[in-house]
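Engineer: As they're listed, the protein sequences go chains H and V. Under the numbering used here, the first residue of the first sequence carries the number 964, and numbering increases by one thereafter. Under the numbering used here, the first residue of the second sequence carries the number 964, and numbering increases by one thereafter.
Each hint should be verified, as a subset may be incorrect.
Note that identical chains are pooled: a pair holds if it fits in a single copy or bridges any two copies.
BS3-like cross-link-like pairs, simulated, lysine-lysine; straight-line CA separation at most 25 Å [to be verified]: (1) Lys969 - Lys1100; (2) Lys1102 - Lys1278; (3) Lys1102 - Lys1349; (4) Lys1338 - Lys1418; (5) Lys1311 - Lys1278; (6) Lys1305 - Lys1200; (7) Lys1102 - Lys1311; (8) Lys1278 - Lys1200; (9) Lys1234 - Lys1284; (10) Lys1100 - Lys1009; (11) Lys1202 - Lys1284; (12) Lys1311 - Lys1200; (13) Lys1308 - Lys1202; (14) Lys1110 - Lys1100; (15) Lys1278 - Lys1126; (16) Lys1284 - Lys1200; (17) Lys1100 - Lys1202; (18) Lys1009 - Lys1104; (19) Lys1308 - Lys1100; (20) Lys969 - Lys1102; (21) Lys1349 - Lys1100; (22) Lys1311 - Lys1284; (23) Lys1202 - Lys1311; (24) Lys1284 - Lys975; (25) Lys1308 - Lys1278; (26) Lys1234 - Lys1202; (27) Lys1110 - Lys1418.
These aren't lab readings, by the way, just hints derived from the structure by calculation. Please read all numbers here as calculations on a predicted model, not as lab measurements.
Number of protein chains: 2
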Amino acid sequence: MNDILKYIDDNKNRYMDELVEFLKIPSISSDSRYNNDVLRCAGRLKEYVIDAGIEDVRMIETEGHPIVYAEWKGAGENVPTILIYGHYDVQPVDPLNLWTTPPFEPEIRGGKLFARGTADDKGQMFSHVKAIEAYMKTKGKLPVNIKLLFEGEEEAGSSNLEKFIQDNAEMLACDAALISDTEWFAEGVPSLCYGLRGVQNVEVTVNGPNRDLHSGSFGGAIDNPLNVLCDMISSLKDKHGRITIPGFYDNVLELTDVEREGFKTLPYDEKAYCDDLSIESVNGEIGFTTLERVWARPSLDLNGIYGGYTGEGSKTILPSKATAKISMRLVPHQTPAEVVEKIEKHLKSIAPPTVTIEFTNLHGGTPVLVERESKPVDAAMTALEKAFGKKPVFMREGGSIPVVDQFRVVLNVPSVLMGFGLPSDNIHSPNENYSVENYYGGIKTSALFLDEMSK
Amino acid sequence: MNDILKYIDDNKNRYMDELVEFLKIPSISSDSRYNNDVLRCAGRLKEYVIDAGIEDVRMIETEGHPIVYAEWKGAGENVPTILIYGHYDVQPVDPLNLWTTPPFEPEIRGGKLFARGTADDKGQMFSHVKAIEAYMKTKGKLPVNIKLLFEGEEEAGSSNLEKFIQDNAEMLACDAALISDTEWFAEGVPSLCYGLRGVQNVEVTVNGPNRDLHSGSFGGAIDNPLNVLCDMISSLKDKHGRITIPGFYDNVLELTDVEREGFKTLPYDEKAYCDDLSIESVNGEIGFTTLERVWARPSLDLNGIYGGYTGEGSKTILPSKATAKISMRLVPHQTPAEVVEKIEKHLKSIAPPTVTIEFTNLHGGTPVLVERESKPVDAAMTALEKAFGKKPVFMREGGSIPVVDQFRVVLNVPSVLMGFGLPSDNIHSPNENYSVENYYGGIKTSALFLDEMSK
């Protein structure tokens, strides 16, 4: 491995120059005015992969932006095949005036490379391309078989990815997936994410009288749908912050002592957490810490609510209906299908007979737990430690990465969430940046991971 | 009085023709495209008053539409002065396609005169003008002194009326006010309204984190302002429908046994009430009937609520703030000032320390109770009975008529709410109408009332 790591060190400047060139292409996938740039970005990415030494690279059309797909099978049948996923598209850049330097004119300041897409996800994805290059230029081959799946629609909802995976399951067959699109717990704390929460969003509408009524003539005599909705929502959690939907916790996998102890060793600062949000204190399910709550406990929150008069001043009405959008974050082994059934049944059961309920299942995503005692996770932990010189920590995340569950369901493989981002990267915000150290370290980690997987 | 009542009978057709002409003027006060029509309507009204025999009629300009004001002081100092209030402006007519005949082309069908403004309030107001005419043409004088105050902005918020009353308190000095802008309890049930609820509208905003947060990253760890708002709202009533704000009922005047017994004799049909609203059943404060709840008990309702994402589908956010508009209907002797202080204090006291509260006092109106044992009320009851041949009932209303409290506070006089509308009049809606029988009966009632007041 020393040759390879040396090659990476020797080519640092060029690696940075190439990433900067790649970042200059404004591949904003959700804005059709940038369609040509997204296409140009895919073409440039294809060239980088070819330059890295992989000849079989294809731009595959979808109904949206193309997928860049590559294969290298030269390692033979006795070593694993790794599917590396990344996305070359980026978020929009508004509000532009808050950027210190223009989003598509990358600049290094204070050890960080500033530009849209640096951390999310061009910089992280590029690490793998450059690691492959280092391997190919040094050894003429890779230690494992590789498939690269780079999509151009992640920031626009990945509308065509699931179908692509389903339609091409045989082509994508592999032993493990590798995704670098997550963050470390903190700067200087190499981290491996092994769990993601799922989600189930629903909408509930309470229908009362057949028309808006005068609050003077009717106030006090009938159930007001807005008040009923508030009562119903309020009853969904008890005073201990526990969700009251019957059976909601049935399939919740409790944290192990090892996990809880591990979380406690992380450099979490509750005061800084609150200060950042300008709140006095956190609050949540009794008996759990903040990290446990957001990583490993289900939640139920309103995303939105509306009903009645919402303009300036007042209007003397009792509204005929009221609607709430409810988002539940799920943890292993809850499933969206199970939870949606339970909340629908419960909401209908607690509604008073004076109203009727309309219920809509908006969308769901399955929670993810990667087996910590597994070869890909061991390989990632070893690679991180060797590359950064520190024992990495295990962490989870509260959000979802839908493709992980698609890989699990369709390809029947685990995903290793080996990211190099930092909480200060400002992804999706102005002044997105990526640690220069983590960029280089990420390239080395990727190379070391491939080596470990070959053992 | 027989001469006068005979005059009214003899002139029925002309009285109807003149009302029809008056109704043809589209005096929609809230729509500036009709400003010329409102002005024309005021001018026509002035002529009708002059034709009735009152020469001192003025069109008084305001910052909005003019007030038509008239005085007749010929009855001398030993008889009372009655201030008659009405409004010559009307509601908008949308949705136009739901009108059977055009709103400004009056037509009689089935004993009802259909047109915008028939019941609210041109037809009712006109009764008094025509009663005065009958008196003047028959007797050459009125039995009491009269002041007429007809405004043109009632359907646009009466923006300039309160200031006008305050600025002209001396001119408006009187012994009682007479207002015909209310409804009977039911068709064929002559009714006198002796109580109106007041109102206090407020707005409360719950502020949480300093920005919208990702529901995956933060869901479960912090108090969501929308959920907090629902909890707070829900706690404002107990399971018996009683409002939990400390001291809220302190100044509530309990119904007397006479009042409760009186309400029970009214032809109220709860099934028809529910069917009209398409609801299964009523619901409200325990221990009270529907009529008691809407007429004589305070209420607390949401008029509107908003916060977070309210578009199609879902958005994975915890909103940074949430707002509710709350309307409380008040009963004697609650005051808006007292109630607004109590709810503000209470909302701030129940808010958890994780959020901050913004509170806005939107507007208030004082509840009204007219002394039933009084000369003006006796006069109205007698007049109604003589005109319609039936003993009238006492009723209250759940809504507010702000001018009543202004007369009480500024002029220090009671208002008699002697209306002739019916619940089926469709005021503020398509196909507004007014009972022809009540139009003629109203004219007689007005004449008889003046006679009774002179005794």
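Engineer: At most 25 Å between alpha carbons: which applies to lysine 1102 and lysine 1349, within, between, both or neither?
Structural biologist: Cα proximity of lysine 1102 and lysine 1349: one copy only (20 Å, versus 113 Å across).
Engineer: Reference check for the pair lysine 1308 and lysine 1100, CA-CA at most 25 Å: within, between, both, or neither?
Structural biologist: Classified as neither; 60 Å inside a copy, 73 Å across copies.
Engineer: Cα distance capped at 25 Å. Does lysine 1305 pair with lysine 1200 within a copy, between copies, both, or neither?
Structural biologist: within (14 Å within a copy, 27 Å between copies)
Engineer: Have a look at lysine 1284 and lysine 1200 and pick one of within, between, both or neither, based on CA distance no larger than 25 Å.
Structural biologist: Close inside one copy (23 Å) and across copies (19 Å); limit 25 Å.
Engineer: Checking an output row: lysine 1100 and lysine 1202, CA cutoff 25 Å. Within, between, both or neither?
Structural biologist: neither (62 Å within a copy, 75 Å between copies)
Engineer: Using 25 Å as the alpha carbon limit, work out where lysine 1338 and lysine 1418 are close: within a copy, between copies, both or neither.
Structural biologist: within (10 Å within a copy, 105 Å between copies)
Engineer: Is it within, between, both or neither when you check lysine 1278 against lysine 1200 at 25 Å Cα-Cα?
Structural biologist: Classified as between: cross-chain Cα gap 21 Å, same-chain 31 Å, threshold 25 Å.
Engineer: When Cα atoms must be at most 25 Å apart, do lysine 1202 and lysine 1311 count as within-copy, between-copy, both, or neither?
Structural biologist: both (22 Å within a copy, 19 Å between copies)
Engineer: Reference check for the pair lysine 1202 and lysine 1284, CA-CA at most 25 Å: within, between, both, or neither?
Structural biologist: Between copies only: 21 Å across, 27 Å inside.
Engineer: Checking an output row: lysine 1234 and lysine 1202, CA cutoff 25 Å. Within, between, both or neither?
Structural biologist: within (24 Å within a copy, 39 Å between copies)
Engineer: Between copies, within a copy, both or neither: which fits lysine 1278 and lysine 1126 at Cα up to 25 Å?
Structural biologist: between (48 Å within a copy, 22 Å between copies)
Engineer: Between the shortest in-copy and the shortest cross-copy C-alpha distance, which are at most 25 Å for lysine 1284 and lysine 975: within, between, both, or neither?
Structural biologist: neither (61 Å within a copy, 46 Å between copies)
Comparing the model with each earlier hint shows violations of hints 2, 7, 17, 19 and 24; every other hint is respected.
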